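Build the full structure now, drawing on both the sequences and the hints.
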Amino acid sequence: AQSVTQLGSHVSVSEGALVLLRCNYSSSVPPYLFWYVQYPNQGLQLLLKYTSAATLVKGINGFEAEFKKSETSFHLTKPSAHMSDAAEYFCAVSEDSGGGADGLTFGKGTHLIIQP
Amino acid sequence: GAVVSQHPSWVICKSGTSVKIECRSLDFQATTMFWYRQFPKQSLMLMATSNEGSKATYEQGVEKDKFLINHASLTLSTLTVTSAHPEDSSFYICSAILGHTEAFFGQGTRLTVV
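Going line by line, the protein sequences match chains W and P. First residue of the first sequence? That's 1 in the numbering used here, and the numbers climb one at a time after it. First residue of the second sequence? That's 1 in the numbering used here, and the numbers climb one at a time after it.
These are calculated hints, taken from the structure and not from any lab test. In this text, all values refer to a predicted model and were calculated from it rather than measured experimentally. In this text, a Cβ means the ideal position worked out from N, Cα and C, and glycines have one as well. There could be a bad hint or two in this list.
Claimed, not checked - Coverage of chain P stretches by chain W, computed from C-beta distances (three or more under 8 Å per stretch; other residues unrestricted): (1) 12 to 21; (2) 37 to 44.
To be verified - Here are the simulated distance ranges between beta carbons: (3) P:9 / W:15: 26 to 36 Å; (4) P:14 / W:66: 46 to 56 Å; (5) W:61 / P:14: 33 to 43 Å.
Rendered as structure tokens:
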């Protein structure tokens, strides 16, 4: 069985500051890991995904995440926060590289607040 | 990127009525689509896997007779909430799988049962 734990339901940072959203996973097989962003009343947009090609994954909007097997982590970072980054962020795990075979298992989400 | 469209974006219905939600892949064919449910300020929970031309596979605890899924074509899956009750009020999101490369999500449907 797979599971995802996102530490911190809410994270608040100042505009221009570093963004760090934490994600730890549990999987019985080598995992595929995803970060999605959700704006209010909208669906999910893929930020980036880890598919074992490289441990440091760069995504859209300046976000990146690093896969650390020893720590079972896949934390999301961005060097400098923008007001437009305010949204809900979900970490997800799958046994399929496309997230398609059996669906995705999501964490509970982290609400990112950007303070001016 | 590929586009998945859900319709309607929001719907209000009376208790006891049925509501149909459509999920369409606009520019690709999707053999597999997934339906998720999201409660306020919570994560997405997988409800069922919709496969074109066959019966849907439901997750444990999801009532298949209440949440009817039909995947009649490679670009359309529908979720019908039958005999809706206020506790069915939620945000429903579908995803369609492009090949085996990526899941694309619809914009979601907010259902309110009064």
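To see whether the hints hold, each was checked on the structure:
Here's how the segment 12 to 21 of chain P fares: 0 of its residues keep a CB closer than 8 Å to some CB of chain W, so the rule of at least three is not met and the hint is violated. Requiring three or more residues with a Cβ within less than 8 Å of a Cβ of chain W, the coverage given for the segment 37 to 44 of chain P holds, as 4 such residues are present. Between residue 9 of chain P and residue 15 of chain W, the C-beta spacing of about 30 Å keeps the proposed range 26 to 36 Å intact. In this structure, residue 14 of chain P and residue 66 of chain W meet the distance hint of 46 to 56 Å, their C-beta atoms being roughly 50 Å apart.
Between residue 61 of chain W and residue 14 of chain P the Cβ separation comes to about 41 Å, which falls inside the hinted range of 33 to 43 Å.
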